[in-house]
Amino acid sequence: MKEFIAFIKKEFYHIFRDRRTLLVLFGMPLAQLLLFGYAITTEVTNADLAVYNQSSGQFTNQLVDKLVSSDFFNLTENVHSKDEMMDVFRKSKAKIIVVIPPDFEQKFNRREAQIQLIADGSDPNLASILTNSATGIIMTWMKGHAGNAMQIETINNEVRWHYNPELKSVSMFVPGVITIILMLVSAMLSSISITREKELGTIEILYVSPLKPVTIIIGKLVPFIILSIFNAAFILLMAYIIFSVPVNGSIMLLLLESLLFIITALSLGVLISTVSETQQTALMLSLFGLMLPTILLSGFIFPISSMPLPLQIISNVIPAKWFLIIIKDIMLKGVGIMYVWKETLVLVGMTIGLIGLSIKKYNIRLQ
Amino acid sequence: MVRFEHISKSYEGNPAVNDINFRVEKGELFGLIGPDGAGKSTLFRILTTVLLPDVGHAYFKDRDVVDDYRYVRRNVGYMPGKFSLYQDLSVKENLKFFATIFNTTIAENYDLIKDIYEQLEPFESRRAGALSGGMKQKLALSCALIHKPEVLVLDEPTFGVDAVSRREFWDMLKSLKAKGVTILVSTPYMDEAALCDRVALIQDGNILKINTPDGIIDQFGKQLYKVVTQHIYQALQALEKISDEWHAYSFGQEIHIYSSKSLNIADLKGQLVSMGIDDVQIEIGKPLIEDCFMDLMVSEKTEDYV
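Order-wise, the sequence lines are chains A and B. Those letters in the first sequence? Residues 63 to 429, per our numbering, in order. Those letters in the second sequence? Residues -4 to 301, per our numbering, in order.
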């Protein structure tokens, strides 16, 4: 036990005396959180809007005012001909153009008015968000002006977003960032820390010491488990302070699930270190073998349901996918273990498999 | 104390050591001398259980190092060739760490490392990475000794260390030997061979000779002539032309000729002077262990080509 504690102490020295490790450990979570929270967002505000108003008068101006006064749009250009319209897109002066026909007011009174929305389709997601927003604003405006006499007979779609009523993208990114950070910190740092001993030759001394391989591995991993749990708590706290993202479910359960995921990631890290001889290889393997799948295939950025079938099948072996489901459910839906036990079981299974594989592959000698 | 029996090991089909047999007695300071890639590290790694031999067995106190690796690991002190300690830990932290993982304390075995560690004590709180080469080597030796091993295995401990530190290091080994530690040391420096009790000359995975330094010199069986001149390169070329019955090598400022027949010094001198090397001096020399190794290694190589 004494040697185990000495080993862990040594590992903490390594971590706290290496600026790069510290930066990855504590700088990256904050940077990613701020990046995803502020910059990389799917919410649309202040999109450039151009108007081709062929009609004139108070009535249509009101409509334009209504569009522009919302947070969504920002009037950049008044267009006066069809040629100018194309020019606006080519010069990227607007993402969407609203075309109001000449006899709009008369037709409106006869209930046959039409408005054309032309969006820049080079960014399809943005285009569809913009046309939806514009349509919504126009419909609301129309209802206000139709009055009782002109009741438009239609089905009222009353849409509400459960769990994230304001559709804040940061609520969705916080679980994603935690997932990435835990995967990266745990797997990358632990695999690098093991391969560093190989590179320096100190591993030979550890081999010839009476330390058991299992003591060495666990001694390597314990510091990262502790730091990663702190990291997860730190990100949650930051998310709450900066973006007021709450944890709706049990924090205890969340941290326990994080612990499980950290152990999964660490066993991946050990596995990586058994096949790489240098820190460089370990770094590359963790980045390309773990980071990219974690970001791309976990459902963090791209919904799994819209992936082609082969990718959907592959996504099942990505531990991050399962953890993301768990953490989202706990944080946003506030559910308990009863609702995420299946995903938890999948992670437990993966972890046991990975640990078994790492121990089997771990050498008590040089190759 | 230590026994190698028919040990062979190859890496991906390239033989590293080939049918190695030798023993090291208790309390001996045994040297393994050979150039880089000769197989010295491989033998030491097999003995210290970090590598498995393909063929043969190695024994530590009559225990097989493969079957009984735990026992070997507890009782052997090993300083690997590229062992550079934990650079980011201080001198004291390094020593304490190795003491603890070997289930002991610094205080318990301090008497063994006292002479060495005393020189490091002023720098106790300095990071190992900031030490000079000689200091690092002393720290590494202290760490390898801290659990009071019966056998100390040192893989090229003086490699890349300055001449003064090298001498100091060998003095330390001498005093450790006096304390009863059996020492196996490898080195690419042939002059260090004379400091061992017995040496094995190893080349391309084969042991060419095992004997005491004096014994090796006695077995030389050739005459050594020293040629002193300012024009070493020209003289070497000239000697090559004159006869192929000997081998001539530059040894620092002079050329050594190993010849199985005795030579007429005056004749040879005349020949060299006539070839333009006018400042040449030739005399009979007493062979050093380097000469014996040089000769052994080269004749071994030439036999390979025949």
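Hints are computed from structural coordinates only; laboratory data are not their basis. Every residue, glycine too, gets a C-beta built ideally from N, C-alpha and C. Certain hints may be false.
As the list claims (entries may be wrong) - Once the Cα atoms are required to be at most 27 Å apart in a straight line, the calculated DSS-like pairs of lysine-lysine come out as:
#: 1; chain 1: A; residue 1: Lys260; chain 2: B; residue 2: Lys264
#: 2; chain 1: B; residue 1: Lys174; chain 2: A; residue 2: Lys274
#: 3; chain 1: B; residue 1: Lys174; chain 2: B; residue 2: Lys87
#: 4; chain 1: A; residue 1: Lys71; chain 2: B; residue 2: Lys109
#: 5; chain 1: B; residue 1: Lys77; chain 2: A; residue 2: Lys71
#: 6; chain 1: A; residue 1: Lys274; chain 2: B; residue 2: Lys91
#: 7; chain 1: B; residue 1: Lys91; chain 2: A; residue 2: Lys260
#: 8; chain 1: B; residue 1: Lys91; chain 2: A; residue 2: Lys64
#: 9; chain 1: A; residue 1: Lys64; chain 2: B; residue 2: Lys87
#: 10; chain 1: B; residue 1: Lys87; chain 2: B; residue 2: Lys109
#: 11; chain 1: B; residue 1: Lys236; chain 2: B; residue 2: Lys56
#: 12; chain 1: B; residue 1: Lys143; chain 2: A; residue 2: Lys274
Unchecked claim - Per label pair, the in silico range of CB-to-CB distance:
#: 13; chain 1: B; residue 1: Lys77; chain 2: A; residue 2: Pro308; range: 34 to 42 Å
#: 14; chain 1: A; residue 1: Pro308; chain 2: B; residue 2: Pro117; range: 54 to 62 Å
#: 15; chain 1: A; residue 1: Arg79; chain 2: B; residue 2: Val61; range: 34 to 42 Å
#: 16; chain 1: A; residue 1: Pro275; chain 2: B; residue 2: Gln218; range: 36 to 44 Å
#: 17; chain 1: B; residue 1: Ser3; chain 2: A; residue 2: Val410; range: 41 to 49 Å
#: 18; chain 1: B; residue 1: Tyr244; chain 2: A; residue 2: Thr340; range: 34 to 42 Å
#: 19; chain 1: B; residue 1: Asp209; chain 2: A; residue 2: Arg81; range: 38 to 46 Å
#: 20; chain 1: A; residue 1: Leu84; chain 2: B; residue 2: Lys77; range: 49 to 57 Å
Unchecked claim - Far from chain B by the CB rule (all over 12 Å, computed), these chain A residues:
#: 21; residue: Ile67
#: 22; residue: Tyr75
#: 23; residue: His76
#: 24; residue: Asp110
#: 25; residue: Asn171
#: 26; residue: Arg173
#: 27; residue: Glu259
#: 28; residue: Leu268
#: 29; residue: Thr277
#: 30; residue: Ile288
#: 31; residue: Pro365
Results for each hint:
1. A:Lys260 <-> B:Lys264: Given pair Lys260 (chain A), Lys264 (chain B) is violated - Cα atoms ~56 Å apart, limit 27 Å.
2. B:Lys174 <-> A:Lys274: Not satisfied, since the Cα-Cα distance of roughly 30 Å exceeds 27 Å.
3. B:Lys174 <-> B:Lys87: At roughly 24 Å apart (the allowed maximum being 27 Å), Lys87 (chain B) and Lys174 (chain B) satisfy the hint.
4. A:Lys71 <-> B:Lys109: 25 Å, holds
5. B:Lys77 <-> A:Lys71: 24 Å, holds
6. A:Lys274 <-> B:Lys91: 19 Å, holds
7. B:Lys91 <-> A:Lys260: Measuring from Cα to Cα gives roughly 21 Å; hence the hint holds.
8. B:Lys91 <-> A:Lys64: 12 Å, holds
9. A:Lys64 <-> B:Lys87: 17 Å, holds
10. B:Lys87 <-> B:Lys109: 14 Å, holds
11. B:Lys236 <-> B:Lys56: 53 Å, violated
12. B:Lys143 <-> A:Lys274: 20 Å, holds
13. B:Lys77 <-> A:Pro308: 34 to 42 Å: 53 Å, violated
14. A:Pro308 <-> B:Pro117: 54 to 62 Å: Given range 54 to 62 Å: holds, Cβ gap about 57 Å.
15. A:Arg79 <-> B:Val61: 34 to 42 Å: 38 Å, holds
16. A:Pro275 <-> B:Gln218: 36 to 44 Å: At roughly 57 Å between Cβ atoms, Gln218 (chain B) and Pro275 (chain A) fall outside 36 to 44 Å, so the hint is violated.
17. B:Ser3 <-> A:Val410: 41 to 49 Å: 46 Å, holds
18. B:Tyr244 <-> A:Thr340: 34 to 42 Å: 39 Å, holds
19. B:Asp209 <-> A:Arg81: 38 to 46 Å: 55 Å, violated
20. A:Leu84 <-> B:Lys77: 49 to 57 Å: With a Cβ separation near 27 Å, Leu84 (chain A) and Lys77 (chain B) fall outside 49 to 57 Å, so the hint is violated.
21. Ile67: Given that some Cβ of chain B is not farther than 12 Å from that of Ile67 (chain A), nearest at about 8 Å, it is violated.
22. Tyr75: Incorrect as stated: the minimum Cβ-Cβ distance to chain B is 6 Å, not above 12 Å.
23. His76: 6 Å, violated
24. Asp110: 53 Å, holds
25. Asn171: For Asn171 (chain A), whose nearest Cβ neighbour in chain B is about 81 Å away, the distance exceeds 12 Å, so it holds.
26. Arg173: 78 Å, holds
27. Glu259: 9 Å, violated
28. Leu268: 8 Å, violated
29. Thr277: It is violated; Thr277 (chain A) is separated from chain B by about 9 Å at its closest Cβ, not greater than 12 Å.
30. Ile288: Since the minimum Cβ distance to chain B is about 19 Å, Ile288 (chain A) lies beyond 12 Å and the statement holds.
31. Pro365: 44 Å, holds
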